[in-house]
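First to last, the protein sequences are chains A and B. Mapping to numbering that gives the first Met the number 0: the first sequence position 119 is 118, numbers consecutive. Mapping to numbering that gives the first Met the number 0: the second sequence position 279 is 278, numbers consecutive.
All the given hints hold, so there is nothing to weed out.
Computed beta-carbon distance windows for the label pairs: (1) Thr26(B) <-> Pro241(A): 45 to 53 Å; (2) Asp15(B) <-> Pro254(A): 35 to 43 Å; (3) His183(B) <-> Gln138(A): 47 to 55 Å; (4) Pro241(A) <-> His260(B): 38 to 46 Å; (5) Gly18(B) <-> Lys86(A): 37 to 45 Å; (6) Glu312(B) <-> Glu312(A): 19 to 27 Å.
Note that these hints are calculated values from the structure, not bench results. C-beta atoms are modelled at their ideal positions from N, C-alpha and C, and glycine is treated no differently.
Number of protein chains: 2
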Amino acid sequence: MTCSPSLEWLSREYHDLNGNHIEVLETPPTALEFARSVKISRPIVIKTSAREWSNDFLISEMGSRLISVAATPNGRADAVTRGPDGKLYFVEPAVEKITMESLLANLSAEAMPDLSDAGTYYLQSQNGNVYSTRFFEGQDDPSEFEALRLYIPSEVKWCTEALDRAPDAVNLWIGDGSSVSSIHSDPYENIYTVVRGQKHFLLLPPTDGYCLHERFYPHATYARKPHDSELIVQPSSKDTPPVRWASLLQGRLPPEAHPIHVTLSENETLYIPVGWYHQVEQAGITIAINWWYDTEMRGMNWVMLSYLRAIKEVPNTDEHEENEGMDKIRRNPLS
Amino acid sequence: MTCSPSLEWLSREYHDLNGNHIEVLETPPTALEFARSVKISRPIVIKTSAREWSNDFLISEMGSRLISVAATPNGRADAVTRGPDGKLYFVEPAVEKITMESLLANLSAEAMPDLSDAGTYYLQSQNGNVYSTRFFEGQDDPSEFEALRLYIPSEVKWCTEALDRAPDAVNLWIGDGSSVSSIHSDPYENIYTVVRGQKHFLLLPPTDGYCLHERFYPHATYARKPHDSELIVQPSSKDTPPVRWASLLQGRLPPEAHPIHVTLSENETLYIPVGWYHQVEQAGITIAINWWYDTEMRGMNWVMLSYLRAIKEVPNTDEHEENEGMDKIRRNPLS
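Using the sequences and the accompanying hints, generate a full structural model.
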């Protein structure tokens, strides 16, 4: 593959200056300490503490309330997948309403495939499922997880104070080893706390984005076939914009990338700075809470992240398939 | 002129997102507030307070002590100037030792050319003339301005705390309207306080560097001719590395640039973030103190500033003169 030489230079230079080091804080930082870290914009692991998130606790608090969970045939929600027409799509999960008890039973069945015919469930609604923007704007903000708000603070104080803003969304994540996210970056500062189990993060700095073979993929969602409930890829209408996404064969990173691997255990928090690529795996039932904060648009960081995206020409998948042998990535398209 | 399209895009995008706004703080920030500002890395004006810096005060404190001042025939120290051989050089000033009283008499003579035959003096030694790195490392740090240390704090507390480091150098600047700096940027975070008079700053964000027609110029210094003491350009030895410097005809900015003009009055402090281009003028005797802090090398900002410099091919002046009609700037040289 051919990469734009200047972006390759930048990626190497970034790595030479920063290495693979991840700071680990034994106690939460002060707002000032975290403000300094946000400027450096590198991941940090922070030891925190939280209550025990057992199945009994969750089932007893949530009762028969229905919650929206992602269903996929293979644990790969929000990923590039081949559709029934043989084309590649960016596929979002089906969303189904089940009880917490059903979700946890499905997740416990991870090692017992006969119990998990329903597909793979993952509570990952990511829409501010615990607190959404409405909450922080002082509006009515109904949540399926109302009963858990008592145990999930609406903000991370040292982060709120360092960034001088309230969160934009707070989410609860409950999944197991059958779910894997595909590598991506978010336009948010992310405070991510594991409260049960372990998560394995693969992290890449924004400067490595140039070599992730991003393409534009048409959008699809999983839907159940009426007669046998099988989950199939259902292409969205032509009006749905295509999605720019990394194209890594079997998740294999190109040799130019500079991955950092972090395992986050119970009561550990990871700061994932805006624009950092990440891919997450887990083993067994794993529960996490994350706080997304809008990023600072002023200054250099955001415009540089935009530049790193804009300077890459990203083909759509049709072009990609025509040119697959060449896998060509042309240089700077801006004019 | 032809600019690299991607850098032009970046410069426009930066300006679109940030505009020309400069924040003005009526009181000094807290360390946390300033840490947030350093992340945004845009200039800020801060109202401060200081004692009166009169001629009488300076002369009485400094007495007959000799101080190192810059001497030039035209007030343009550290600027591109044509040498006796007709070639362009980056010319540093002659350094001469005079008393504070002589310096102030020379500056007062600004409007009386017959009194200023000695050339233009400017106290601008910029080597940590009040406190150097040695001071902050706990070593002996003799200073020509020992007597003024009582009135010049060695650090700016809110900045030291925000950056989590001591300054690298603290300098006193005393000049008048006959001195003008040429546009440049420093690899430091700069806290710059005017304690007497007014300074007029022209500021450009680092993203505007691409259009400043930077060239490599051979190095020279001003030296006095023995018989009549005239200051002439004396080329340095061939071993002295050439200096990369902007080439703006009569200081005129290219239309692509996004200048911000700030007038800094007595008891006002300007934060000049690392990598920001600046050019400074003044009228009448003007006294300033600046604190340079080493910049944070970790994270994205420094590597991006390096990238912005590295991605530009910068010709040396010989090439420039050969190609003057074309004034060509080739795109990304990295390979």
